[in-house]
Amino acid sequence: MLEIGRAQRTRFVARYLRDRDLQREIEEGLNVVEAWNRANAVIYYGKGGEISTNNREEVEMAAMCLRILQASIVYLNTLMLQDVLAEPRWSEVLAPADRRGLTPLFWSHIRPYGEVRLDLASRLVIGDGPS
Numbered sequence: 001m002l003e004i005g006r007a008q009r010t011r012f013v014a015r016y017l018r019d020r021d022l023q024r025e026i027e028e029g030l031n032v033v034e035a036w037n038r039a040n041a042v043i044y045y046g047k048g049g050e051i052s053t054n055n056r057e058e059v060e061m062a063a064m065c066l067r068i069l070q071a072s073i074v075y076l077n078t079l080m081l082q083d084v085l086a087e088p089r090w091s092e093v094l095a096p097a098d099r100r101g102l103t104p105l106f107w108s109h110i111r112p113y114g115e116v117r118l119d120l121a122s123r124l125v126i127g128d129g130p131s
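No gaps in the numbering here: position 60 of the sequence shown is 60 in our numbering, and each next residue is one more.
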């Protein structure tokens with residue numbers, strides 16, 4: 001089995017070295033992972049962005065909370081992108097390659113430090129608002 005694994009890795013490396021499209025695809029995937037890691041450092045900033053406990057329950061809770069924050073950020077960003085792209089002028093400006101480059105993985109609007117006050121009696125209006 002070890003020899004088969006080595007042969008598969010060698011075959012993959014040879015394919016990777018000659019195939020520019022595969023290199024680009026892998027690089028794009030790595031960029032997405034790195035973007036998530038940078039976002040995680042921003043939204044999970046306590047203790048240097050690291051889960052620093054050996055307690056399994058605490059690690060699982062921290063990981064689940066981080067996933068909830070990630071999903072919330074991506075959801076809101078997607079809604080904001082849809083709201084902006086719904087404007088007719090963007091259909092004239094953006095080419096298909098530009099649209100493929102859009103990602104909901106941005107966090108420059110996130111305020112990770114300091115106090116954030118939530119008003120649970122009001123809604124975040126995105127688009128035309130509730131119908």
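Some hints here could point you the wrong way.
To be verified - Derived DEER-like restraints, expressed as beta-carbon distance ranges:
(1) Trp36 with Arg56: 32 to 38 Å
(2) Thr78 with Gln8: 18 to 24 Å
(3) Ile68 with Asp21: 52 to 58 Å
(4) Asn55 with Glu25: 35 to 41 Å
(5) Arg24 with Trp90: 22 to 28 Å
(6) Tyr75 with Arg9: 25 to 31 Å
Hint data in this document are derived by calculation from the structure and do not stem from the laboratory. These numbers were taken from a predicted model, which means no experiment stands behind them. Where a beta carbon is used, it is the ideal one built from N, C-alpha and C, also for glycine.
**Numbers of unmet hints, in rising order** = 1, 2, 3, 6
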